[in-house]
Amino acid sequence: MKYVNSYQMFIVYSSILILLVVLGLALSFGSYKVTFIDYLYSDMSKVQESVFTKIRFPRVLLSAFVGASLATSGACLQGLFRNPLADPGLIGVSAGAALGATSFIVLGSNFIQGSVTNPYLLPLSSICGSAFVISALFFITRGFGKEGITYLLLAGIAVNAFSGVGIGILTYISDDSELRGLTFWTMGSFGGATISMIGPALLFIIFSFIWIIKEARKLDILQLGESEAYRLGIDIKKLRFSVIVSSAIIVGISVSLSGMIGFVGLVVPHLARILGGVNHSFLLPSSALIGAILMVLADLFARTMIKPAELPVGLITSAIGSPFFLWLIFRIRKS
Amino acid sequence: MYYRILMLHLFLFVNSLLAEISVLSICNIANNTSDIVVAGGSITEILYFLNEEDRILGIDVTSNFPKQTSELPSIGYVRSLSTEGILSLNPKLILGENDMGPPLVLDQIREVGVDLRIIPEEQTAMGIIDKISCVASIIGIQDKAQEEIKDKLMPKVKYLKTFQDNKIFKRKRVMLILSMQGTSPIVAGSGTSGDGFIKMTGAINVFESFEGWKPVSEEAIIDSDPDYFIIPSRDMHKGSDVKSLTSNPIFKNTKAGSKENFIFEDSMAMLGFGPRTIITALKVAKEMYQQD
Amino acid sequence: MTIEVNRISYKINNFSILRDVSLEIKGGEILSIIGPNGSGKSTLMKVLAGDIIPDSGSVIINGKNLNDIEISSRAIVRSMMSQTQNIVYDFDVREIIEMGWLESSIDQANGHFENTIKLISNECGIDHLLKRKFNSLSGGEQRMVHFARTLLQSNGLQKNLQKYIFFDEPTANLDIKRELNILNVIRKKAKEGYGIFVVLHDLNLAYNFSDRIILIKDGKISKMGDPNDVFDDEILSEVYEVPVYFDKDIGRIKYY
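In the order they appear, the protein sequences are chains A, B and C.
So for the first sequence, this note's numbering puts the first residue at 32; every next one is plus one.
So for the second sequence, this note's numbering puts the first residue at 870; every next one is plus one.
So for the third sequence, this note's numbering puts the first residue at 1091; every next one is plus one.
Treat the hints with care, as some may be off.
[To be verified] When the alpha-carbon atoms are kept at most 20 Å apart in a straight line, the in silico SDA-like pairs for lysine to any residue are as follows:
#1 A:K85 x B:L985
#2 B:K1083 x A:S37
#3 B:K1027 x B:I998
#4 A:K269 x C:R1222
#5 C:K1221 x A:K85
#6 B:K1083 x A:L201
Source of the hints: derived by calculation from the structure; they are not laboratory data.
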């Protein structure tokens, strides 16, 4: 933490504390009456215990990790593209994951028997989708050296468009039962999360975090411009590879498990910058923490506001994210 | 030889038994037949039809009939339910239509140990009767249910059958429009609830050639030249709906459109495939054929 | 230990930007390059830095081919100050300067890092700006910050290595005080043993400031050597396509 000053350290520690409190709260509230205190101290009924450990706990854990993933990925991409409006959706990774998942939902049962009932195949096809996009992006921008970023953005636009067409076609040819799967998934939700499903995913996410945080300093230097960064000894190609791949992994996994949830990757890094500063050694961990806090809270509201019914969590992140996004644009225009 | 006939009968019997078992086991009586959460409008309708609504703890948003349902707690949309939400009502039995979901939520509920039954649905008049019988069996009131069915529904079902089997007068050709997507109406193809309803009224679906709910072009609509447009609508603002459709150039150019042959009915009453669907199908069939 | 540039040629879209260019940069010496717009000065500097790979020819730094030197090692042996892009995020001035520090550990306990920053900021006349936001500075002040960063990069802990610093028009758009400041610091660096390579626009400055000068036109070297040899009326007039004469007594270019 050599590039992080003491005020920034304070923010990070406070965030960790707040996250723990928020986790405790999220574990204690929901449609069903069982709290964290109950879990620790009282005898719970069989249903209460089931709800707490098998339903609520995996869900809260997943929302925290997805929030952290989307926020960190957003921070990395805003750094890599030197664009404050960059977002995981921008380079087409979310779209690739979406296309992979949609393809599986609509076509999967034709090719693999019994696939509709296997809960692992959907996340897997989603990750294949984002992995395919990553590879495509990598090959498209490979020859371009330092101008690669512009081509990357263009490629991202192309991927988004292609994915939109693909999903449109698949939606068109899907029958009613398949459509059910699609609509649920595009609204974004943490419902149905189980430990066995999210366990391996979380490992991948943690690995990617560790990988990308080591590159934080290089992202700082990249802000001087690609030529300058190169002259300061940064291997731009390697940096681009690290950021893209780790972002793609964490976004691909998040999208496959919880559907499309917008604005977090865009908005949280700016919040973190306002709180403590712009250097990436601070920005990446603090974005992860703040992203986790906000997502856990958003999901808490999603499942308690109209209980016993539930709102799609993407609705809440958009409702808070869009006004913030507008404010952000005004702020950038002023300066 | 008698032995062989006996074996054959036995074989056939066992076969049909096995086929029935999958359905039968769903409709087996539940251990606890009150404290029910319902996900699916037609099942709620059925419970009210059988006067068993006191058993209901909570319903989904598609359960909007009769009016009293608005007083019950809502568990949300049938396709995106919440595990905790449902469990917080402490149900002992959950009855759902076959589009209840998402699947992971259903798995979680089963894992906690709550009795969850997806009622099989066949989109025909007898399918509705079977649905009612299934629900009745689950809550243990078959006899009472058979009475109600015999009294109130079977006469209508038989009447409908005469429209369906009719070989005397020309069948009506219809299309069923769900909504407008941009400027293209979404119509019912084969295999949809809309198609099922059309067949119940004894009419022919002009768009039987494709599957599912799909948008169709203006040309296709004019070319298909239906006798009637059947439109499930959420609010019954008949007057304004007819006006907006007749002035719509897509419909103006059809024979049915110029004659204002639009039939509006409540969407759940039409496509829910609960008791009301039988009543509505009969009403629509009569309306179409009595104009001859 | 020098930088040898051997017969560099470079084309873009079949248009020759550099043609068979050779030169040598020695430690302790200020080598300037001047020439008309589009003569290839900046491109040559980019080839030297490794930004651009030439079509033919080689760059040998301290006996090693540039292509064989790792990117991170290149940054240790040479630093460069050039036109910079917009910095999107709101860094402090100090944070920008710190980006020049290559060593993987900041020796804060030792105080070496602190001291070096203080020294350099002072030398560049920007120590009162350290805590301000970089984007709030004027253009001239921002240039000084980049200059300080370049110095910090060249400063590193390897003392026995022959190092080089490149400057692409370092004094452009600077007021007199800052211009003199930069020139003094560059001279000081040359005296410390660094090999200095500068692209300059201003002929008078080049004459008074350089130990040796290269005059380049259309990608080819017209004249290279001692300033007095290069600043010959006929050669200059031919290269710049304008009649000029050089007043040796006062060391100033004049036009007719």
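Hints and how they fare:
1. Between the alpha carbons of K85 of chain A and L985 of chain B the distance comes to roughly 18 Å, so the proposed pair stays at or under 20 Å and holds.
2. Under the criterion of a C-alpha separation no larger than 20 Å, the hint pairing K1083 of chain B with S37 of chain A is inconsistent with the structure, at around 61 Å.
3. With a C-alpha separation of about 12 Å, the suggested pairing of K1027 of chain B with I998 of chain B holds against the 20 Å cut-off.
4. Pair hint K269 of chain A plus R1222 of chain C does not hold up; C-alpha atoms about 32 Å apart against a cutoff of 20 Å.
5. The straight-line distance between the Cα atoms of K1221 of chain C and K85 of chain A is roughly 51 Å, outside the 20 Å bound, and the hint therefore fails.
6. Taken as a hint, the K1083 of chain B and L201 of chain A pair is honoured in the structure, with Cα atoms around 13 Å apart against an allowance of 20 Å.
Hints 2, 4 and 5, counting from the list given before, are not met by this structure.
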